[in-house]
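There are 2 protein chains.
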Amino acid sequence: MAKTNKSDFLVNQVRRYLEPGPIVLVSSRWQDKTNIMTLGWHTVLEFSPSLVGLMISTGNHSHHMIRESRECVINLPTTKLTDTVVGIGNTSGAEIDKFEEFGLTVEEASEVDAPLISFECRLHEDALVERYNFFIFEVVKAHVAPSPKHPETLHYTGDGVFMVSGKIISRRSQFRPEML
Amino acid sequence: MAKTNKSDFLVNQVRRYLEPGPIVLVSSRWQDKTNIMTLGWHTVLEFSPSLVGLMISTGNHSHHMIRESRECVINLPTTKLTDTVVGIGNTSGAEIDKFEEFGLTVEEASEVDAPLISFECRLHEDALVERYNFFIFEVVKAHVAPSPKHPETLHYTGDGVFMVSGKIISRRSQFRPEML
Numbered sequence: 653m654a655k656t657n658k659s660d661f662l663v664n665q666v667r668r669y670l671e672p673g674p675i676v677l678v679s680s681r682w683q684d685k686t687n688i689m690t691l692g693w694h695t696v697l698e699f700s701p702s703l704v705g706l707m708i709s710t711g712n713h714s715h716h717m718i719r720e721s722r723e724c725v726i727n728l729p730t731t732k733l734t735d736t737v738v739g740i741g742n743t744s745g746a747e748i749d750k751f752e753e754f755g756l757t758v759e760e761a762s763e764v765d766a767p768l769i770s771f772e773c774r775l776h777e778d779a780l781v782e783r784y785n786f787f788i789f790e791v792v793k794a795h796v797a798p799s800p801k802h803p804e805t806l807h808y809t810g811d812g813v814f815m816v817s818g819k820i821i822s823r824r825s826q827f828r829p830e831m832l
Numbered sequence: 653m654a655k656t657n658k659s660d661f662l663v664n665q666v667r668r669y670l671e672p673g674p675i676v677l678v679s680s681r682w683q684d685k686t687n688i689m690t691l692g693w694h695t696v697l698e699f700s701p702s703l704v705g706l707m708i709s710t711g712n713h714s715h716h717m718i719r720e721s722r723e724c725v726i727n728l729p730t731t732k733l734t735d736t737v738v739g740i741g742n743t744s745g746a747e748i749d750k751f752e753e754f755g756l757t758v759e760e761a762s763e764v765d766a767p768l769i770s771f772e773c774r775l776h777e778d779a780l781v782e783r784y785n786f787f788i789f790e791v792v793k794a795h796v797a798p799s800p801k802h803p804e805t806l807h808y809t810g811d812g813v814f815m816v817s818g819k820i821i822s823r824r825s826q827f828r829p830e831m832l
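From first to last, the protein sequence lines stand for chains A and B. FYI, the numbering for the first sequence is 653 to 832, going by my numbering. FYI, the numbering for the second sequence is 653 to 832, going by my numbering.
It is possible that part of the hints are untrue.
Claimed, not checked - When the alpha-carbon atoms are kept at most 25 Å apart in a straight line, the in silico DMTMM-like pairs for lysine to aspartate or glutamate are as follows:
hint	chain 1	residue 1	chain 2	residue 2
1	A	Lys819	B	Glu772
2	B	Lys801	B	Glu777
3	B	Lys793	B	Asp811
4	B	Lys801	A	Glu804
5	B	Lys801	B	Glu698
6	B	Lys732	B	Glu790
7	B	Lys732	B	Glu698
8	A	Lys801	B	Glu752
9	B	Lys801	A	Asp811
10	A	Lys801	B	Glu804
11	B	Lys819	A	Glu720
12	B	Lys732	A	Glu804
13	B	Lys819	A	Glu790
14	A	Lys819	B	Glu720
15	A	Lys819	B	Glu698
16	A	Lys732	A	Glu777
Unchecked claim - Here are the in silico distance ranges between beta carbons for each label pair:
hint	chain 1	residue 1	chain 2	residue 2	range
17	A	Pro829	B	Ala779	33 to 39 Å
18	B	Pro701	A	Ser799	21 to 27 Å
19	B	Arg828	A	Met831	41 to 47 Å
20	A	His716	B	Ala779	20 to 26 Å
21	B	Glu804	A	Lys801	18 to 24 Å
22	B	Glu720	A	Gln683	25 to 31 Å
23	A	Leu768	B	Pro829	32 to 38 Å
24	B	Met831	A	Gln683	22 to 28 Å
25	A	Ile820	B	Thr710	28 to 34 Å
26	B	Ser721	A	Ser700	25 to 31 Å
27	B	Gly818	A	Ile748	31 to 37 Å
The set of hints was computed from the structure by calculation and includes no laboratory data. Since the structure is predicted, the reported quantities are computational estimates derived from the model, not experimental observations. Here a beta-carbon is modelled for each residue, glycine too, at the ideal position from N, C-alpha and C.
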């Protein structure tokens, strides 16, 4: 494997895990409170700096916390965490402490028994927050467990139904080198 | 199934097919030229109006065409179209006519032998186009073949590798009704 610097590492990991469009868990902390929410409305936006866009509705308790703290952590749950994902998505941090309820580790903002894949983010651009609840974050640090290389992830379709990704197809040999 | 109006139909279809984060083919037309590109950097942004955000780099020939025409069509390819997707992603409309090269139908902006799933879009917001190449479109019409209900889609991870989605998991019974 080619030697990569920190910036390359971030870009590669963000693409690998977020570009496929999985449901993610977004955790936040503000004034000694923590919260976590499910999110399917996100996109990669730029390689360098490593930017991602997240649509976090004002209907989510996390919206205000993230707007104030200007930080969040994006965590990638695998299919092993399906019921936890559904639980987190169907409760509100305004009513319960979700970290306690779902047995999550606050320190790492990661999930027990899950591969540790998470991205620490700092707010980069808030121009569309007021009108569209669209936050642009810079990924400043990535935590990625070495295996599995392609964890089974959940992709939300609405209506309580998830699609599952995990199987891979490589077409690397058909790519122009500059497109990889 | 509950009776739905046109707006509900759009929202349901956009969520079902775009929220899971597949690679899409974005076609455009400007001054009698057509073009088509692959895109993995997109997100749903709003239910009503039905808004989606697309990051279309200036490095893509389509960027200028879409910026001028203020329209595009988002097409969803299935795994049957894998090689076509790779071909479209590794060529430029500045050099070839991709519709001709890949045997695509201009009229429908859809792919031969593929389920017709496409979304006609009109530019809704260009505030972040200059700085981030981020276009917010309103989906004004959806074309969705009735089957398969959950087509096998491609999700790009970088490095020439795609993940495949198709298998589904339903947790509908665990959702609060207002969350569906």
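Hint by hint, here is what the structure shows:
no., hint, result
1, A/Lys819 to B/Glu772, "violated, 30 Å"
2, B/Lys801 to B/Glu777, "violated, 31 Å"
3, B/Lys793 to B/Asp811, "violated, 33 Å"
4, B/Lys801 to A/Glu804, "holds, 21 Å"
5, B/Lys801 to B/Glu698, "holds, 23 Å"
6, B/Lys732 to B/Glu790, "violated, 28 Å"
7, B/Lys732 to B/Glu698, "violated, 30 Å"
8, A/Lys801 to B/Glu752, "violated, 37 Å"
9, B/Lys801 to A/Asp811, "holds, 13 Å"
10, A/Lys801 to B/Glu804, "holds, 21 Å"
11, B/Lys819 to A/Glu720, "violated, 39 Å"
12, B/Lys732 to A/Glu804, "holds, 21 Å"
13, B/Lys819 to A/Glu790, "violated, 32 Å"
14, A/Lys819 to B/Glu720, "violated, 39 Å"
15, A/Lys819 to B/Glu698, "violated, 30 Å"
16, A/Lys732 to A/Glu777, "violated, 34 Å"
17, A/Pro829 to B/Ala779: 33 to 39 Å, "holds, 35 Å"
18, B/Pro701 to A/Ser799: 21 to 27 Å, "violated, 43 Å"
19, B/Arg828 to A/Met831: 41 to 47 Å, "holds, 43 Å"
20, A/His716 to B/Ala779: 20 to 26 Å, "holds, 23 Å"
21, B/Glu804 to A/Lys801: 18 to 24 Å, "holds, 21 Å"
22, B/Glu720 to A/Gln683: 25 to 31 Å, "violated, 47 Å"
23, A/Leu768 to B/Pro829: 32 to 38 Å, "holds, 34 Å"
24, B/Met831 to A/Gln683: 22 to 28 Å, "holds, 27 Å"
25, A/Ile820 to B/Thr710: 28 to 34 Å, "holds, 30 Å"
26, B/Ser721 to A/Ser700: 25 to 31 Å, "holds, 29 Å"
27, B/Gly818 to A/Ile748: 31 to 37 Å, "holds, 35 Å"
Hints 1, 2, 3, 6, 7, 8, 11, 13, 14, 15, 16, 18 and 22, counting from the list given before, are not met by this structure.
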